[in-house]
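Enquirer: Chains as they are written, first to last, in our numbering: chain A, -5 to 352; chain B, 12 to 339; chain C, 47 to 367.
These are calculated hints, taken from the structure and not from any lab test.
Keep in mind that this is a model prediction, so the values were computed, not measured.
Don't take each hint at face value.
[As the list claims (entries may be wrong)] Straight-line C-alpha distance at most 27 angstroms; calculated DSS-like pairs for lysine-lysine: (1) K39/A with K55/A; (2) K85/B with K71/B; (3) K71/B with K263/C; (4) K186/C with K263/C; (5) K90/C with K107/C; (6) K90/C with K100/C; (7) K235/A with K263/C; (8) K186/C with K55/A; (9) K305/A with K105/A; (10) K71/B with K186/C; (11) K19/B with K71/B; (12) K85/B with K19/B.
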Amino acid sequence: MIPSPPLAFVPQLAMTEPARAALTSNLIVGALLVGLALAIRSIRKDDVWREAFQQVWARRKVPVVILGLYVFVALLDSVTWVGASGALEDQVAAHEARSVLDRMFTGTTEKSYSAPFATQEFYDASALRHPRRHPLGTNILGQDVLYMTLKGARVALLIGGLTSLIAIPLALFFGVSAGYFGRRIDDVVFFLMNTLASMPSILLLIALIMAMGRSTLSVCVALGVTSWVAFCRLSRGETMKLREMDYVHAARSLGVSNVRIVLRHIVPNLMHLVVITFVLMFSGLVLSEAVLSWLGIGVDGSWGQMIAQAKDELSREPAIWWNVTAAGVALFGLLLAVNLIGDALRDVLDPRTLRERG
Amino acid sequence: MSAVLEVKDLRTTFPLAGRRVPIVDGISFSVDAGQVLAIVGESGSGKSITALSVLRLVPKPGRIDGGRVLLDGKNLLEANIPAMRRVRGHDIAMIFQEPMTSLNPVVRVGAQVMEAVLLHERVSKAAARDRGLELFRRVGIPDPVARFDAYPHQLSGGLKQRVMIAMALVTRPRVLLADEPTTALDVTIQAQILELMRELQRDFRTAIVLITHDLGVVNELADEIAVMYAGRFVERGAREAVLSQPSHPYTQGLLASMPSRNEPGKPLYEIRGVVPGPDRWPPGCRFCDRCDEAIDVCRDTVPGPVQLEPGHVAWCHVVERARRGGAQ
Amino acid sequence: MLAYVVRRLSYGALVVLGVLFFLFVLFFAVSTPDDIARRAIGDKAMPEVIEQWKINHGYDKPKWPGPGQWSDNLLVEHYRRMLTFDFGRSDADGTPILDRIAKGAGPSLALTLPMFAIGLVIGLTLSLFVAFFRETYIDKAGVFLAVLGMSVSVLLYIIAGQFLLGKVLKWFPVSGFDPAPGVLWRFLALPVAVGVIASLGSDVRFYRTVFVEEIHKDYVRTARAKGCGEGRIMSRHVLGNAMIPVLTNVVMVIPFLFTGALLTEAFFGIPGLGSLTVDAINANDFSTLRSMVYISALLFVVAQILTDISYTLVDPRVRLE
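Make a model of the complete structure from these sequences and hints.
Expert: In structure tokens form, the structure reads like this:
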């Protein structure tokens, strides 16, 4: 099946709404990949970091590979374009921006529930359109559960990854400023941190999303707002300790500007905390989103949403278990991989070992 | 007088790049009751690990791989753990370099001293408290009753070290291992602590193994000196002998670099080079790369002991050559 | 000590005022009274109906203080009412909010107090055990299991618990709540068990790290040199020092004892504050939500002050400067 030329990639042609969305999304993915490539390049140049990551790879090969698989699936779902792929059913959906993953599963819907590898519908025993072609069954809308599960990877990585990418630099900025410049700036930031930290995160999340409306963006923003405080506190504390180091005193007495000191002496010494926090925050965010989905205010298409449907599905007689199992296993797999990697990273990047290596 | 503690060919290894490296490489010494042996060396020479090895407190991944540690003739390295625990704090006690962190910050100092007693003797708490107070007085802690119930952070460095000494000696151990006890203290306090140790050694007849890098401390307290370099002894003898007639080039270098021995106005003498890490040890004498008098055999063959006078030994090929030359 | 407590309380009061301001901005500026009204009575409602609704619920005043309305505006109103616990009525069904909060506190505590106590005891015991055997297979297995436990969403624990133990094995009722003394434990057993197991993974991981860090400190080496056995070292020396970080973790959980494990309550049909919050979300009931967040913030601030004060009991180095 040779796809017709993707309209979105040809700038001169008039762009429809879905095409524009597809282009933006592709650009963002592209930017993220470029950023990742740059990060990898700078890691390879630095001995300490390269060794650290090599050690993590040596200790945790399986989780890294598994994480790679998730990222690959997410990428499959991230590259989108408008246009048909050839099959008949496609013509209807040709106007929407669909990803590689979408196209792989186009035209696989049934009427409603069906069990894995079944030949007939779950409730009315009528024949399936695609018997035995659903390894994980179908959900209430007849969508292939494997498809929905794979789609959830992109959502999860978006929630965990993107939110952290926004929250951490923000927290770093405020924390370092507060820790380094002290006094007034510190008072303000400290007060802000305490105020935000005084509200239990779940409730704050709920309040924020209710106020901002239930969209993916507001969920990410809300998650970001509730998660930056912990790292801000950490970077503030560490900066205060680093500020008292002899080499910082030396630099200041030599007249080096504050900005240079911060950028060259303080921030690089916080990077190990950044990495560890990023990984740990990731799983926390994904778990929080699952809870939000259950409450009805999460992101569409997430595994949390699939699990949320479980309560109803499991209480039926006979129970419908494949939906929640698929989403649950997928969620567990991602989080376990991330947590194991994060654990290993934390051991490897222990400041004591970093200092000994110099 | 028979030796209270005898160490023979002690070998303690640590892993490095796949191999096990002997940080303590064949160390032998003995101390008699009431005697002070000072083990002198730079940081990295393995002296602290030597002391820890005696009590089998070597931190993992270190491991004692050979030798014997004899207390009254019994080899501690073969003892089981409960027996070892009886020895620790009761027959052999140890004090450490950093009084700041070596005391439990949330327990009152008196209680920590009492613990030393209660762990080894069946006495009442009241009796343990009395013993503790008695030691507090002995080590010269002013206002001992009030200080007994203080927390470590409420005491100065010097007082904390006195508490450590009290805690170590409250059970009247036969041997005291002192790992750089004065290094973290002010010079004036150092003198007081050394004076205290001298008194206690005299009164309790404790055998002391004093580990230090400070020759000034050695001068004050030691009866016998052993100079350690990169895991091995290079010279050993009575204090007078080693200080006035140092034979090994390293000992000579150490003494020459003391500020008191240098002329004012002239640059301070220093031994060239740095202590090599275990990955750079030559097969022979480990000092040869920094030694001005090294000869070819130094690099390949480990120098054997050369008897200079009764009780004064050096491990050096150059000294050996000189001896043989002189004898001829 | 008194001066310290007073200072802490005043700072806490400042934080509460800050929280209230934040809540105000969130509920009245980001989402305006018009939005709230529309969400309550429907998007298509006529402007007059919306206005009337706003008047009924007291949302018709101007938002910010200004000339001529220094005290008759929503901001001041908000502060006054929250600080006097005059929560008013629910946007959804008009019942007095304070009443519902008072009624919900009991069931929530009945659930969360046992969860907290049992979780703490089991968590500390397991971590002590694992830390004692550090670097052995027991330790590595324990840590792996803990990470495993951390990676499973609470939702899955609840679902698994309900499904397996409630539906399939029928050991416990799937949901419900009956305050009668003899029967209560049957309804609480499952949610408490699920709650404890769900947080066990991360707790054990955290406590173990704390214990292992303490074990490597110098004073432990001194204790060993005195002849202390490993067991005594763990219980007499390490535990006391480890309490400081553990305490932070523990005291911060206190507000949750009241706000209730949201999910657990909702899933298991326990009529506590958690269910109240979940209902408020589903009904777009802003005034209840606002009051709930305020109450938990208040509790948080109190918990923080309690933590600071409790530090002085556990750590003699902290003298209340």
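Enquirer: Are the hints correct? Go through all of them and say.
Expert: Tested hints:
no. : hint               : result
1   : K39/A with K55/A   : 22 angstroms, holds
2   : K85/B with K71/B   : 25 angstroms, holds
3   : K71/B with K263/C  : 14 angstroms, holds
4   : K186/C with K263/C : 21 angstroms, holds
5   : K90/C with K107/C  : 23 angstroms, holds
6   : K90/C with K100/C  : 15 angstroms, holds
7   : K235/A with K263/C : 20 angstroms, holds
8   : K186/C with K55/A  : 17 angstroms, holds
9   : K305/A with K105/A : 21 angstroms, holds
10  : K71/B with K186/C  : 17 angstroms, holds
11  : K19/B with K71/B   : 22 angstroms, holds
12  : K85/B with K19/B   : 12 angstroms, holds
Checked against the numbered hints given earlier, this structure breaks none of them.
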